[in-house]
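A.B. asks: Start from the sequences and build out the full structure, keeping to the hints where you can.
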Amino acid sequence: MWSRGTISLCAVLLLCGACAADGDRGRVDADGTVHLVGWVTGPEPSAFARKTNLIEGARRLNQELAAAGDRRRVQIDVDFNTTSHDPYVKKLVFAFAAERGPDVVCGGHEIVGEFAPPGYLVPLDDYLAARPAFRDDFFPVLWGAMSWHRKVYAVPQDNEVRLAYIHKKPLRALGWSEADIDGLAASVERGELSLDDMAALVEKAVATGVVKPERGLYHRNRSGFDWLEFIIAYGGRLEEPGTGRLVLSRRATLATLRLFDRLVAHRALPPGMTSYTERTIYRNFVDGDVLIWLTGGSWHKLEWQGAFGTTDAEFRQNIAYFPVPGGKRGTPPVSVSHPFGCAVAATAPDRELAFRVIQRSIDPDLDVGHAIKSSHLVVRKSSSESGPYQADPFLRDMIGLLKFTHFAPNHAKLTRLQRILFDGIRGVEVGVLSPEEALDFVERLCKARMADDVVIED
Amino acid sequence: MLRRRPWMILLAPAAVLILLFYLLPAVVNLVLAFSDMDYTFDFRFVGGESLVRPLADPMFGRVLRNTAVYVVTTLTLMNVGVGVLLAVLTTEIPDRVGGAFRMLWLLPRATPSVVYVLMWFFLLDPTDYGLVNKVAGALGGENYDLLSQRPWLVVVLLNGCVGASMGMVIFTAAIKSIPPQLMMAARVDGASAWQRIRHVTLPSIAWPIMFVTTYQTLSLLTSYEYILLATDGGPFYQTEVLPLYIFHNAINDFEFGYGAALSIGLMAIGTVLALVYWRVFRFGGRGSAAQRIEVDA
Chain B
1 MWSRGTISLC AVLLLCGACA ADGDRGRVDA DGTVHLVGWV TGPEPSAFAR
51 KTNLIEGARR LNQELAAAGD RRRVQIDVDF NTTSHDPYVK KLVFAFAAER
101 GPDVVCGGHE IVGEFAPPGY LVPLDDYLAA RPAFRDDFFP VLWGAMSWHR
151 KVYAVPQDNE VRLAYIHKKP LRALGWSEAD IDGLAASVER GELSLDDMAA
201 LVEKAVATGV VKPERGLYHR NRSGFDWLEF IIAYGGRLEE PGTGRLVLSR
251 RATLATLRLF DRLVAHRALP PGMTSYTERT IYRNFVDGDV LIWLTGGSWH
301 KLEWQGAFGT TDAEFRQNIA YFPVPGGKRG TPPVSVSHPF GCAVAATAPD
351 RELAFRVIQR SIDPDLDVGH AIKSSHLVVR KSSSESGPYQ ADPFLRDMIG
401 LLKFTHFAPN HAKLTRLQRI LFDGIRGVEV GVLSPEEALD FVERLCKARM
451 ADDVVIED
Chain F
1 MLRRRPWMIL LAPAAVLILL FYLLPAVVNL VLAFSDMDYT FDFRFVGGES
51 LVRPLADPMF GRVLRNTAVY VVTTLTLMNV GVGVLLAVLT TEIPDRVGGA
101 FRMLWLLPRA TPSVVYVLMW FFLLDPTDYG LVNKVAGALG GENYDLLSQR
151 PWLVVVLLNG CVGASMGMVI FTAAIKSIPP QLMMAARVDG ASAWQRIRHV
201 TLPSIAWPIM FVTTYQTLSL LTSYEYILLA TDGGPFYQTE VLPLYIFHNA
251 INDFEFGYGA ALSIGLMAIG TVLALVYWRV FRFGGRGSAA QRIEVDA
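Top line first, the protein sequences correspond to chains B and F.
Residues 1 to 458 (the numbering used here) make up the first sequence, in order.
Residues 1 to 297 (the numbering used here) make up the second sequence, in order.
Because the hints were derived from the structure by calculation, they are not lab data.
Among these hints, one or two may not hold up.
Derived EDC-like pairs: lysine to aspartate or glutamate, alpha-carbon spacing no greater than 16 Å straight-line [claimed, not checked]: (1) B/204 / B/314; (2) B/447 / F/128; (3) B/212 / F/253; (4) B/212 / B/289; (5) B/168 / B/182; (6) B/91 / F/38; (7) B/212 / B/196; (8) B/91 / B/79; (9) B/90 / F/38; (10) B/91 / F/253; (11) B/169 / B/289; (12) B/212 / F/128; (13) B/381 / B/178; (14) B/301 / B/392; (15) B/328 / B/192; (16) B/90 / F/253; (17) B/212 / B/137; (18) B/373 / B/137; (19) B/90 / B/77; (20) B/301 / B/314; (21) B/447 / F/57; (22) B/169 / B/180; (23) B/447 / B/457.
Note that the coordinates shown come from a computational prediction; the quantities given were computed from them, not determined experimentally.
C.D. replies: Here you go:
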């Protein structure tokens with residue numbers, strides 16, 4: 001029934017398919033060429049240099065190898081992920097489990113907490129110890145964010161600051177002078193403006209009709225690191241230092257829940273933020289219809305330039321920014337940073353060369369170029385002192401905010417804790433739960449879903 | 001043996017498919033349900049721990065209630081209710097118009113689900129940018145956030161507009177296969193349009209209605225795609241149905257063991273419902289017996 005030709009064709013096609021699939025994997029050729037596969041994530045297009053820097057790093061490394069008379073060469077194929085973090089992590093989980101993961105994996109520092117424990121990543125301490133000048137040129141705090149169980153698993157690639165943006169148009173309509181507006185960030189930094197004061201300001205803007213009801217303040221429409229800022233601002237902690245277990249701080253969580261309950265009750269915040277698309281959120285804020293975009297990031301400035309054509313001058317004229325205020329007056333403001341890093345997979349065909357590609361991909365000029373193009377922060381001290389970087393007042397200000405920054409713990413179940421916390425906040429905002437009921441819900445869900453991974457404390 | 005039982009050869013391809021894609025996954029799922037497998041993919045046998053875990057899960061009761069609400073409402077109002085309505089109405093009007101209308105109604109089914117849900121987002125955007133709010137604003141109304149304030153309404157409509165199209169096609173085919181002399185007899189007897197629908201059309205499509213009811217119940221029980229895209233189960237678990245809850249646990253939180261245990265529960269519910277329908281609708285005994293149709297004078 002089936003001719004010999006048909007069967008042969010099928011066999012050839014199957015073989016080609018298998019070869020094509022294998023072509024995606026790292027390997028070493030007989031001529032010494034090491035093929036590496038890198039996966040990086042944006043998702044924003046402005047962060048595309050995360051990909052091109054790796055390719056440039058490989059090019060520079062090849063020059064270095066040639067100069068040293070080393071016959072090895074590196075060829076790297078880099079895939080740039082344009083979806084959000086969760087699908088990217090899913091892809092990595094399944095790829096690593098199927099032993100088809102990348103050789104160089106870049107992502108938010110939580111990839112260390114996710115993929116170091118099962119042994120998918122290799123510790124980089126030996127490589128770093130052999131290159132002290134390289135290691136010591138990074139802001140030391142970043143190495144902590146790249147570590148799990150006191151071992152470093154990734155090299156920082158960029159950093160960011162999460163902060164609140166405030167639109168000056170409604171602020172001026174409220175009677176604020178230019179001097180008041182310019183002094184806002186400093187006043188937050190001195191602890192003179194707390195989260196409660198900020199809520200009162202937003203409520204006043206709504207009550208006086210400066211902004212429409214439910215347009216006082218917008219926040220992120222999904223789970224994420226940002227929610228941890230409020231826990232820290234209200235005096236909570238995220239991790240038990242001795243054990244590395246996550247912490248649910250009841251008092252700080254309740255204060256956070258009450259804050260959002262209050263904002264919804266005063267019609268300062270729409271109860272259904274999850275039904276707002278990001279584009280709507282940003283457009284409303286950039287148009288000056290909304291007073292505060294609470295869960296912003298340093299990268300948003302550039303994103304708005306791309307999406308809405310906001311120029312630098314318009315940005316300076318209309319938008320101010322400050323770190324998330326402390327929970328009480330006199331307490332410091334808070335920012336949670338989410339540095340990106342690149343790690344070497346345990347399955348990489350040549351781990352040392354993979355590390356060296358990463359090393360060269362973060363040369364100071366590439367570090368600065370990427371930071372400016374993507375509105376992120378540099379990770380090397382020498383980069384922060386470079387002319388082009390210092391010339392950008394926004395990025396300079398962001399570096400200044402780093403003194404208030406915290407890092408989320410590298411724990412495999414952190415995402416789950418964030419999601420539970422966000423669910424509690426959502427429950428309060430849509431009016432299904434009171435803050436106290438939401439706290440009870442968060443606590444019960446933590447116990448049911450995280451068991452011994454989380455410590456519940458007052 | 002094969003020569004004496006040729007039906008075995010005919011059934012073999014289907015049997016292989018069923019074995020590979022139905023039975024094998026079910027068996028793997030059953031095995032996984034006895035583990036606490038997570039993102040490390042390590043198989044650790046935990047006995048029935050995962051199977052009894054839903055009892056201690058604070059959200060499980062709510063999820064089951066949501067599932068019942070979703071299936072019953074979407075099924076009765078949209079997939080069967082609107083399906084029958086569309087089929088009856090579009091066969092009562094000139095065929096060309098009815099056909100065009102049915103073709104339009106099929107568009108959501110032919111549209112990729114992400115695009116379809118995005119179109120709903122454009123309609124329902126809670127700010128001035130949403131089409132519904134634009135119209136409401138032009139009429140002097142205030143903005144309304146349907147996705148947050150009436151999530152069930154959105155979920156049922158969004159799913160139902162797609163789901164009703166299947167019923168519509170099947171019921172239309174059934175109506176068109178009603179012998180024309182029955183309709184003519186009814187007309188001769190002086191039956192009004194409503195009497196014809198009630199006493200001729202509906203009894204004639206009873207079997208397709210039962211089939212669609214059964215099929216769509218089982219289909220809705222396992223469907224979550226549109227809910228995932230539209231509300232992701234929110235706001236605050238208000239539209240979180242069992243298959244979506246399984247997805248969230250197994251795929252978002254990488255709790256493969258627990259997800260598998262929940263899937264066993266879903267399979268059990270589906271099986272029980274299928275058996276109930278089998279008995280109630282008498283699928284086993286329903287043959288091609290002639291139906292008796294009476295028309296009131």
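A.B. asks: It remains to establish, for every hint, whether it holds in the given structure.
C.D. replies: We went through each hint and held it up to the structure:
no., hint, verdict
1, B/204 / B/314, "violated, 25 Å"
2, B/447 / F/128, "violated, 41 Å"
3, B/212 / F/253, "violated, 38 Å"
4, B/212 / B/289, "holds, 8 Å"
5, B/168 / B/182, "holds, 10 Å"
6, B/91 / F/38, "holds, 15 Å"
7, B/212 / B/196, "violated, 20 Å"
8, B/91 / B/79, "holds, 12 Å"
9, B/90 / F/38, "holds, 12 Å"
10, B/91 / F/253, "holds, 13 Å"
11, B/169 / B/289, "holds, 9 Å"
12, B/212 / F/128, "holds, 12 Å"
13, B/381 / B/178, "violated, 34 Å"
14, B/301 / B/392, "holds, 12 Å"
15, B/328 / B/192, "holds, 9 Å"
16, B/90 / F/253, "holds, 10 Å"
17, B/212 / B/137, "violated, 49 Å"
18, B/373 / B/137, "violated, 21 Å"
19, B/90 / B/77, "violated, 20 Å"
20, B/301 / B/314, "holds, 11 Å"
21, B/447 / F/57, "holds, 10 Å"
22, B/169 / B/180, "holds, 13 Å"
23, B/447 / B/457, "holds, 12 Å"
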